[in-house]
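Just so you know, the sequences run in chain order A and B. Read in full-length UniProt numbering, the first sequence has 34 at position 34, and its numbers run on one by one without any break. Read in full-length UniProt numbering, the second sequence has 18 at position 18, and its numbers run on one by one without any break.
None of these hints come from the bench; they were simulated from the model. Take these hints with a grain of salt, some might be off.
Claimed, not checked - Across the chosen pairs, the derived CB separations fall in these ranges: (1) K47/B to R29/A: 24 to 32 Å; (2) S67/A to P80/B: 43 to 51 Å; (3) R13/A to A149/B: 52 to 60 Å; (4) R13/A to G74/B: 53 to 61 Å; (5) S48/A to S55/B: 47 to 55 Å; (6) P80/A to Y51/B: 42 to 50 Å; (7) S48/A to R98/B: 41 to 49 Å; (8) T49/A to V70/B: 48 to 56 Å; (9) G74/B to T49/A: 53 to 61 Å; (10) A144/B to R148/A: 16 to 24 Å; (11) V70/B to R148/A: 34 to 42 Å; (12) A149/B to E28/A: 42 to 50 Å; (13) R29/A to A144/B: 44 to 52 Å.
Stated by the list, open to error - Computed, partial: chain B to chain A, Cβ under 10 Å: (14) F126; (15) A185; (16) T186.
Claimed, not checked - Which bits of chain B does chain A cover? Going by a derived footprint, with three or more residues having C-beta under 8 Å, they are: (17) 83 to 97; (18) 168 to 179.
We put the CB at the ideal spot given by N, CA and C, even for glycine.
There are 2 protein chains.
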Amino acid sequence: MTTPQPRDPRIERSVRLVREAALAELAERGYGGFRIESVARRSGVAKSTIYRHWSGRLALVADAFESLDVQPPGGGDAGPVGRARVAELLLHLAAAMRDSTLSGCLPALVEAAEHDGDVRRFLHRFSAGRRQALVDALQEAREAGEVRADLDPEDAALALSGAIIYGRLMTDLRFDAEALDRLAATVLGPAAP
Amino acid sequence: MTTPQPRDPRIERSVRLVREAALAELAERGYGGFRIESVARRSGVAKSTIYRHWSGRLALVADAFESLDVQPPGGGDAGPVGRARVAELLLHLAAAMRDSTLSGCLPALVEAAEHDGDVRRFLHRFSAGRRQALVDALQEAREAGEVRADLDPEDAALALSGAIIYGRLMTDLRFDAEALDRLAATVLGPAAP
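Here chain A stands alone, though its shape is the one from the complex (with noise of 0.2 Å):
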């Protein structure tokens, strides 16, 4: 799958459009019902130009998500660390749970991974991806003494993404700051003060 490189503002825009477009199809028709043409309709970009820069229906709807969900980046020199990135990415993450867009996308490419190995692959690697920050920032925690020794990263990581997921495809729980603590707390014992 390659990601468009755009360089040219006008490129740019509508490279962000048609993404736009596609996740707003895909949360409307489902995965089923999902066509490029109706993409192109809703961006105002040819059929032949989506084409150009993606070869199907698959590669459009990973590019979207790849690139409309951008975790805060870590590991830099002046971004928080150990359980303060922890912290971070869990509001990321109930951000996107919260935003239409994504998260309305989520139910119709969950029940399209349940019938097709592509998309069931793109979105098990998605997720994968998405958690394995949480599990390395968890690590982080644990050398750092902000988690307790024996905490698991992998299971901690689990629990915070499951229950905030799980919160958004099966419940009306949506987590503000104040809930994410709580849950942090929860998984991980209470934070120094």
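Since the structure of chain A is provided, determine the placement of chain B on it from the hints.
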């Protein structure tokens, strides 16, 4: 929504066949493509008979979910309590998420819930009801001193169910007994030896 209370063994058998056919239809066709006619064909039970028992698609799907996913009853004299009851409920949930019929329907239901308020209300109520048993068991475990005193039962239940259900919907991970023990130890702290 009325759940049929069959007494006649022939009726009982028909009810079971229809429920199973409904879940197969839902898993295969999705909620949008779900047809009572097709459930009649799959089950060999007449459409008119189906409509005598269930008012329509959602009533049938809801009843099939409720009756084919029965949590082990708690609060009995012989059953496990507290943390052992938590473990029992997690084993049940993980088994349901491995069972192809029930868990194969979940993506379709999640997708339908996004567009249909009645389905959403059912799914949220179903999920809240199942989670409540876990909350009660966690409360018991806390009162018995089997988990730390400041553990939030609601959040812990979200994290535990969330990991298992998110695991099913968006990852390759499935939880066997050993993985469940590790997950519970992560969220609840190590069990007493």
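> Would you say the C-beta atoms of A149/B and E28/A sit inside 42 to 50 Å of each other?
Replying inline: Holds - the Cβ-Cβ distance for A149/B and E28/A, about 48 Å, lies within 42 to 50 Å.
> Holds or violated: A185/B as interface residue toward chain A, Cβ cutoff 10 Å?
Replying inline: Holds, about 8 Å.
> So does S48/A sit 47 to 55 Å from S55/B, Cβ to Cβ?
Replying inline: holds, 49 Å
> Can the stretch 83 to 97 of chain B be counted as covered by chain A under the rule of three residues or more with Cβ-Cβ separation shorter than 8 Å?
Replying inline: Our answer is that it is violated, as 0 residues pass the Cβ test (under 8 Å) against chain A, missing three.
> Does the Cβ-Cβ separation between V70/B and R148/A fall within 34 to 42 Å?
Replying inline: Given about 36 Å between the Cβ atoms, the range holds.
> For the pair A144/B and R148/A, does the Cβ-Cβ distance stay inside 16 to 24 Å?
Replying inline: Since the Cβ atoms of A144/B and R148/A sit about 22 Å apart, the hinted range of 16 to 24 Å holds.
> That 48 to 56 Å hint for T49/A and V70/B (C-beta), does it hold up?
Replying inline: holds, 54 Å
> Should the hint that S48/A and R98/B are 41 to 49 Å apart at their CB atoms be regarded as holding?
Replying inline: holds, 45 Å
> Are K47/B and R29/A spaced within 24 to 32 Å by their CB atoms?
Replying inline: holds, 29 Å
>> Interface hint check: T186/B, Cβ to nearest Cβ on chain A, cutoff 10 Å. Holds or violated?
In response: This hint holds: T186/B lies near chain A, its Cβ roughly 4 Å from the closest one there, short of 10 Å.
> Holds or violated: 52 to 60 Å for the Cβ distance of R13/A and A149/B?
Replying inline: holds, 56 Å
> CB of R29/A to CB of A144/B, is that within 44 to 52 Å?
Replying inline: holds, 51 Å
Comparing the model with each numbered hint stated earlier shows that hints 6, 17 do not hold.
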